[in-house]
Amino acid sequence: SQWGEENLQALSIQEGEDVTMNCSYKTYTTVVHWYRQDSGRGPALIILIRSNEREKRSGRLRATLDTSSQSSSLSITAAQCEDTAVYFCATDRGTQVVGQLTFGRGTRLQVYA
Amino acid sequence: DPKIIQKPKYLVAVTGSEKILICEQYLGHNAMYWYRQSAKKPLEFMFSYSYQKLMDNQTASSRFQPQSSKKNHLDLQITALKPDDSATYFCASSHYRNSGNTLYFGEGSRLIVV
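Residue numbers (my numbering), protein chains in the order written: chain Z, 45 to 157; chain D, 111 to 224.
These are calculated hints, taken from the structure and not from any lab test.
Any given hint might turn out to be false.
[Unchecked claim] Straight-line alpha carbon distances no greater than 20 Å define the calculated SDA-like cross-link-like pairs of lysine to any residue that follow:
id, chain 1, residue 1, chain 2, residue 2
1, Z, 70, Z, 125
2, D, 113, Z, 128
3, D, 113, Z, 70
4, D, 113, Z, 84
5, D, 163, Z, 110
6, D, 113, D, 190
7, D, 151, Z, 85
8, D, 150, Z, 53
9, D, 151, Z, 110
10, D, 181, Z, 66
11, D, 150, Z, 100
12, Z, 100, D, 151
13, D, 151, Z, 88
14, D, 117, Z, 64
15, D, 150, Z, 110
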């Protein structure tokens with residue numbers, strides 16, 4: 045899973061497979077953001093899950109959040125080549141500092157045909 | 111069309127020089143941010159501005175100075191450049207409200223200091 049001083053993780057899967065990426069965080073958060081970053085581009089939000097939600101779905105994406113263990117996961121069902129990207133989780137300190145997200149190191153996902 | 115414009119996309123600078131990174135957003139947001147991404151560290155928050163007012167600064171060095179001439183502009187001036195400043199600098203924007211803001215990022219300005 046991604047966080048802290050860990051190196052960027054890498055996963056390589058075949059098209060059509062399911063994949064889950066994990067994220068653990070250290071500080072209090074009200075929201076976990078999942079962003080994807082394509083090569084040479086800026087990060088883009090793909091799904092956001094709040095502390096009162098245990099699961100959130102968006103198309104082939106599913107995010108979970110367990111505030112007791114301070115962990116979140118992002119699953120992609122039936123991965124496609126265009127899902128190839130780096131995926132980041134980020135925590136949000138909410139009202140303390142608006143817009144200040146703390147990003148994990150990310151998981152580099154390669155989906156091959 | 112990109113809604114957050116960052117210029118330049120790439121730049122090479124000499125140690126000790128000064129550069130300005132430009133950012134304009136056309137999303138109608140009232141908050142703008144600078145983040146930095148390098149090979150050694152994850153994407154890091156640097157500054158936040160709302161209605162042209164500095165809200166938070168998490169950058170230890172005063173060599174980094176944000177400048178906001180208009181509500182939808184937030185430039186980043188970097189002085190006395192060092193090789194360690196080499197990174198991609200991302201501008202982002204959002205509505206300014208409580209948690210769960212979606213940040214929209216520009217495509218970044220990749221800075222190499224030699």
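Verification of the supplied hints:
no., hint, verdict
1, Z:70 x Z:125, "violated (32 Å)"
2, D:113 x Z:128, "violated (23 Å)"
3, D:113 x Z:70, "violated (33 Å)"
4, D:113 x Z:84, "holds (16 Å)"
5, D:163 x Z:110, "violated (36 Å)"
6, D:113 x D:190, "violated (31 Å)"
7, D:151 x Z:85, "holds (17 Å)"
8, D:150 x Z:53, "holds (14 Å)"
9, D:151 x Z:110, "violated (26 Å)"
10, D:181 x Z:66, "violated (37 Å)"
11, D:150 x Z:100, "violated (32 Å)"
12, Z:100 x D:151, "violated (29 Å)"
13, D:151 x Z:88, "holds (19 Å)"
14, D:117 x Z:64, "violated (36 Å)"
15, D:150 x Z:110, "violated (29 Å)"
Checked against the numbered hints given earlier, the structure breaks hints 1, 2, 3, 5, 6, 9, 10, 11, 12, 14 and 15 and satisfies all the rest.
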